[in-house]
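S.K.: Protein chains in written order, with our numbering: chain A, 1 to 86; chain B, 1 to 270.
A few of these clues could be false.
Said to hold, decoys possible - Stretches of chain A that chain B covers, calculated by requiring three or more beta carbons in the stretch to come under 8 Å of a beta carbon on chain B: (1) 18-30; (2) 37-51; (3) 61-74.
If you're looking for bench data, these hints aren't it; they were derived computationally from the structure.
Each residue gets a CB set at the ideal place from its N, CA and C atoms; glycine is no exception.
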Amino acid sequence: MKQRVLVLYLSTSSLDDRVVGWSSYDGTGRTRPTTGDSDDPPYETGTDALRDGWRLFQASQLIPPYPGHEYDTSFLKHEFLFEKLE
Amino acid sequence: METTSHLLSSVLMARFAAQGFLRLDSVVPDDLNTVAREAMENGIPGVPYGTAVKEAFPDGSFARRLVDLPPVAGALRSLVGPDPTVDHIAVHVREPNEGSAQPLHGDAIIDTRRDAFDVQLMYYPHEVTRDMGGTLLVPGSHLRLTNETDTGRYQNLRGQIRLTCPPGTVLLLHHGIWHGGRRNDSAHRRYMFKIRFNPTTPQIRLWDTSDLDDPAVVAELSTTFPWYEQATGRLEIYNRVALWRALTDDDTFDIEYWATRVSNRPGRTA
Numbered sequence: 001m002k003q004r005v006l007v008l009y010l011s012t013s014s015l016d017d018r019v020v021g022w023s024s025y026d027g028t029g030r031t032r033p034t035t036g037d038s039d040d041p042p043y044e045t046g047t048d049a050l051r052d053g054w055r056l057f058q059a060s061q062l063i064p065p066y067p068g069h070e071y072d073t074s075f076l077k078h079e080f081l082f083e084k085l086e
Numbered sequence: 001m002e003t004t005s006h007l008l009s010s011v012l013m014a015r016f017a018a019q020g021f022l023r024l025d026s027v028v029p030d031d032l033n034t035v036a037r038e039a040m041e042n043g044i045p046g047v048p049y050g051t052a053v054k055e056a057f058p059d060g061s062f063a064r065r066l067v068d069l070p071p072v073a074g075a076l077r078s079l080v081g082p083d084p085t086v087d088h089i090a091v092h093v094r095e096p097n098e099g100s101a102q103p104l105h106g107d108a109i110i111d112t113r114r115d116a117f118d119v120q121l122m123y124y125p126h127e128v129t130r131d132m133g134g135t136l137l138v139p140g141s142h143l144r145l146t147n148e149t150d151t152g153r154y155q156n157l158r159g160q161i162r163l164t165c166p167p168g169t170v171l172l173l174h175h176g177i178w179h180g181g182r183r184n185d186s187a188h189r190r191y192m193f194k195i196r197f198n199p200t201t202p203q204i205r206l207w208d209t210s211d212l213d214d215p216a217v218v219a220e221l222s223t224t225f226p227w228y229e230q231a232t233g234r235l236e237i238y239n240r241v242a243l244w245r246a247l248t249d250d251d252t253f254d255i256e257y258w259a260t261r262v263s264n265r266p267g268r269t270a
């Protein structure tokens with residue numbers, strides 16, 4: 001059994017919100033996803049991925065900003081990791 | 001850099017402040033593109049860190065001719081002032097069918113400057129088509145505080161730019177912008193020449209400010225990008241306000257009251 005991983009970055013912490021970024025890793029070796037290989041997200045929302053059979057196995061925690069750095073921007077906050085096993 | 005007649009307008013400076021880059025298509029003439037490509041193929045000696053432009057690039061060299069092109073010289077003067085130093089140069093090559101892309105990254109190391117910035121010039125001497133591994137750019141990512149390839153997990157972001165361009169195209173990038181060389185799926189080598197410039201003068205109103213009050217300035221600075229999260233996108237505007245205040249030396253500038261509101265503490269001084 002091999003794992004395919006889909007990472008979706010959403011506009012808010014809600015799983016049914018809009019996809020703003022995406023990555024995928026293919027343990028089957030059938031595809032070779034990489035940086036900058038598509039302009040169109042595989043799904044419009046996180047729940048669209050669930051409906052297509054992807055299993056959610058991790059979601060970002062909601063962490064308060066560090067004092068003094070409330071206005072800093074850095075990594076994307078709302079990261080959801082999904083898998084399919086084949 | 002000899003020419004200052006092509007200074008950027010305030011609208012274009014605001015675009016740079018918002019997007020983190022400017023694009024000059026086909027700004028380099030064909031004869032210089034040919035010379036430059038030959039130089040890249042033959043190898044270009046490095047430049048010691050912090051070298052003045054005139055010392056780094058001798059008269060007549062392709063690099064000197066490149067930075068002396070009026071639109072390039074004017075944009076550089078607007079961004080980093082009259083006498084920037086050359087931080088370093090590099091020839092970047094994406095080999096034919098090489099099979100991998102660079103991870104998304106910012107160059108050098110995390111850089112927290114809010115009132116100064118370096119500019120990276122990227123020059124493409126030949127046409128870059130979709131399958132040639134043109135540079136991936138993420139507009140509006142330059143103020144995110146991340147360190148080099150820590151963003152490597154991000155493969156695609158809505159609104160990203162997968163650069164295709166005609167020969168002789170130049171990009172001018174804020175040092176912090178997320179970017180990467182894409183996988184070259186073609187049978188052709190893809191060349192890019194990079195120069196990083198360090199300012200030596202305060203980066204305050206170095207451009208043509210005659211249009212500073214044009215409403216298009218605020219419109220540019222208010223631009224949001226499809227990959228921004230809803231809440232963090234507001235912080236991007238807040239941070240742009242801080243950058244524009246520094247560039248214009250005007251600590252009253254604001255957009256939609258974002259910065260003014262959260263600093264209003266009547267009667268409090270500490």
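S.K.: Would you mind marking each hint as holding or not holding in the structure?
M.R.: Here is how each hint holds up against the structure:
no. : hint  : verdict
1   : 18-30 : holds (count 6)
2   : 37-51 : holds (count 4)
3   : 61-74 : holds (count 4)
In the structure shown, no violation is registered for any of the earlier numbered hints.
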